[in-house]
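Novice: Letter by letter, the chains look like this.
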Amino acid sequence: MHFEGRSALRKYSISLLVSAGAMLVVSHLVPAPAAAQSANQGKSAAKGQPAKGEGKGGPGGGMLIGPNGDREAVPPPTGPTPRTANGKPDLTGVWFAPKTIRGEPPSMTPWAEAILKSRNPKDDPELHCLPAGVPRMTPYPYKFIQTPAVLVMLFEANIHSYRQVFLDGRGHDPDPDPSWYGDSIGRWEGDSLLVDTIGFNDKFWFDFAGHPHTEDLHITERYRRPDLGHLEVQITIVDPKAYTKPWVINRVSNLSTNWEIHEYICNEFNVDTEHVVGR
Amino acid sequence: MKTNLIVFASLGLLIGVPPLLAHHSFAAEYDGNKPVTVKGTITKVAWVNPHSYLYVSVKDESGQTAVWAFETSSPNALERRGWTRHAVKEGDQVTIEGYRAKDNAKLADGSIHANARSIVMADGRKVFAGSSADDGGPAAK
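Chains as they are written, first to last, in my numbering: chain A, 1 to 279; chain B, 1001 to 1141.
Watch out, some of these pointers could steer you wrong.
Below, simulated SDA-like cross-link-like pairs (lysine to any residue); rule was C-alpha separation at most 20 angstroms, straight line [to be verified]:
no.: 1; chain 1: B; residue 1: Lys1126; chain 2: A; residue 2: Met108
no.: 2; chain 1: B; residue 1: Lys1126; chain 2: A; residue 2: Pro67
no.: 3; chain 1: A; residue 1: Lys241; chain 2: A; residue 2: Met108
no.: 4; chain 1: A; residue 1: Lys122; chain 2: B; residue 2: Gly1082
no.: 5; chain 1: B; residue 1: Lys1034; chain 2: A; residue 2: Gly278
no.: 6; chain 1: B; residue 1: Lys1106; chain 2: A; residue 2: Val277
no.: 7; chain 1: A; residue 1: Lys241; chain 2: A; residue 2: Pro110
no.: 8; chain 1: B; residue 1: Lys1044; chain 2: A; residue 2: Arg83
no.: 9; chain 1: B; residue 1: Lys1044; chain 2: A; residue 2: Phe269
no.: 10; chain 1: A; residue 1: Lys117; chain 2: A; residue 2: Pro240
no.: 11; chain 1: B; residue 1: Lys1126; chain 2: B; residue 2: Gly1082
no.: 12; chain 1: A; residue 1: Lys88; chain 2: A; residue 2: His128
no.: 13; chain 1: A; residue 1: Lys143; chain 2: A; residue 2: Lys117
no.: 14; chain 1: B; residue 1: Lys1102; chain 2: A; residue 2: His275
no.: 15; chain 1: B; residue 1: Lys1126; chain 2: A; residue 2: Arg71
no.: 16; chain 1: B; residue 1: Lys1089; chain 2: A; residue 2: His218
no.: 17; chain 1: B; residue 1: Lys1102; chain 2: A; residue 2: Asn270
no.: 18; chain 1: B; residue 1: Lys1039; chain 2: B; residue 2: Ala1122
no.: 19; chain 1: A; residue 1: Lys122; chain 2: B; residue 2: Val1058
no.: 20; chain 1: A; residue 1: Lys245; chain 2: A; residue 2: Ser107
no.: 21; chain 1: B; residue 1: Lys1044; chain 2: A; residue 2: Pro240
no.: 22; chain 1: A; residue 1: Lys241; chain 2: A; residue 2: His218
no.: 23; chain 1: B; residue 1: Lys1102; chain 2: A; residue 2: Lys88
no.: 24; chain 1: B; residue 1: Lys1106; chain 2: A; residue 2: Lys245
no.: 25; chain 1: A; residue 1: Lys241; chain 2: A; residue 2: Thr214
no.: 26; chain 1: B; residue 1: Lys1106; chain 2: A; residue 2: Lys241
no.: 27; chain 1: B; residue 1: Lys1126; chain 2: B; residue 2: Gln1064
no.: 28; chain 1: A; residue 1: Lys143; chain 2: A; residue 2: Gly278
no.: 29; chain 1: A; residue 1: Lys122; chain 2: B; residue 2: Lys1102
no.: 30; chain 1: B; residue 1: Lys1044; chain 2: A; residue 2: Val271
no.: 31; chain 1: A; residue 1: Lys117; chain 2: A; residue 2: Val277
Hints were generated in silico from the structure; no laboratory data involved.
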């Protein structure tokens, strides 16, 4: 990516790099300080910025938590990978605290760069309670229910919706209507579940920054459950009209033993949408 | 190029920065350079998605009363951090630290719009009000 030195562009370039480097596909994992820092560029020494290491608490130390303590601070359980009757790893569970590990920054086509530059956060479909699509993830938990024939992904957020990954050997729908979550089929390769998804619409954004894609988007996900408490996935994004080479990220989630997914009806009280002003 | 920012961002990711607001970034809506601290009486708790709101009636030096609406995280995220819908209730005296909205515009109900970071409860406990201690905005103090 090339940027000019003008301050406005520089400011933009920082958020873009942050996006490319970290926000990427996982808006919620954006290093928060960086996002805020770019907003503070040019102002006095990042006023209002957390000091390094302050994120978990404050100057006085100790994490500020809710009135009844921190009820999510339960570490994932340890143990061997659970398996289904047919011997395959069982990915079933409530998965929490997804952490995404960035790979190479995306290599965008001029078309994608132009789209990205033209986008404003106030137009992010997710802000308007439309789906975040794939593979963008919210900070809220999600649930996998696996049967021999289908893997169902239930999202608390990502507008409280679901994906179905068919494991019964069928092929893709030959002419799928473009959709927010696409048409997914899966097959086992050893202990990895390979999920192949096509048939996306081009409406959702990959992140707050607005990385775009086309209806040619093709996503493969390689899921592994290396032990009882963790779910790993390597995600490969292929969309030649938008990205000049495959864009690969990894994500690890923890098994929650004390939470279920809950309702998240985003449209109920989305009163702040009109007050989002931009980067 | 502000390499330090990029390094900082990468570092943040490596050490696993906790999640930020689910469906909009802090910086897109709130101003880290406009910290506010208000003391007043809770008039309403809107325990609702995608963000809960705490409404606080605040009297200024001239005796004028204004209602502030502080955005917090979603009910589910707050519950996972130790809240319940009963934790703060109408009539409670609280002090809320947060940040003003960038656009300075009131919500449709006429309240002053801000984002809450921490709350000093009626019994003196200071608790967190966002979705995490590092959710895209300046950290809770």
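Novice: Give a verdict on every hint.
Specialist: Hints versus structure:
no., hint, in the structure
1, Lys1126/B / Met108/A, "violated, 46 angstroms"
2, Lys1126/B / Pro67/A, "holds, 8 angstroms"
3, Lys241/A / Met108/A, "holds, 9 angstroms"
4, Lys122/A / Gly1082/B, "violated, 31 angstroms"
5, Lys1034/B / Gly278/A, "holds, 16 angstroms"
6, Lys1106/B / Val277/A, "holds, 14 angstroms"
7, Lys241/A / Pro110/A, "holds, 9 angstroms"
8, Lys1044/B / Arg83/A, "violated, 48 angstroms"
9, Lys1044/B / Phe269/A, "holds, 14 angstroms"
10, Lys117/A / Pro240/A, "holds, 19 angstroms"
11, Lys1126/B / Gly1082/B, "holds, 13 angstroms"
12, Lys88/A / His128/A, "violated, 39 angstroms"
13, Lys143/A / Lys117/A, "violated, 35 angstroms"
14, Lys1102/B / His275/A, "holds, 8 angstroms"
15, Lys1126/B / Arg71/A, "holds, 17 angstroms"
16, Lys1089/B / His218/A, "violated, 49 angstroms"
17, Lys1102/B / Asn270/A, "holds, 17 angstroms"
18, Lys1039/B / Ala1122/B, "holds, 11 angstroms"
19, Lys122/A / Val1058/B, "violated, 30 angstroms"
20, Lys245/A / Ser107/A, "holds, 6 angstroms"
21, Lys1044/B / Pro240/A, "violated, 51 angstroms"
22, Lys241/A / His218/A, "holds, 11 angstroms"
23, Lys1102/B / Lys88/A, "violated, 51 angstroms"
24, Lys1106/B / Lys245/A, "violated, 45 angstroms"
25, Lys241/A / Thr214/A, "holds, 7 angstroms"
26, Lys1106/B / Lys241/A, "violated, 42 angstroms"
27, Lys1126/B / Gln1064/B, "violated, 27 angstroms"
28, Lys143/A / Gly278/A, "violated, 32 angstroms"
29, Lys122/A / Lys1102/B, "holds, 13 angstroms"
30, Lys1044/B / Val271/A, "holds, 15 angstroms"
31, Lys117/A / Val277/A, "holds, 16 angstroms"
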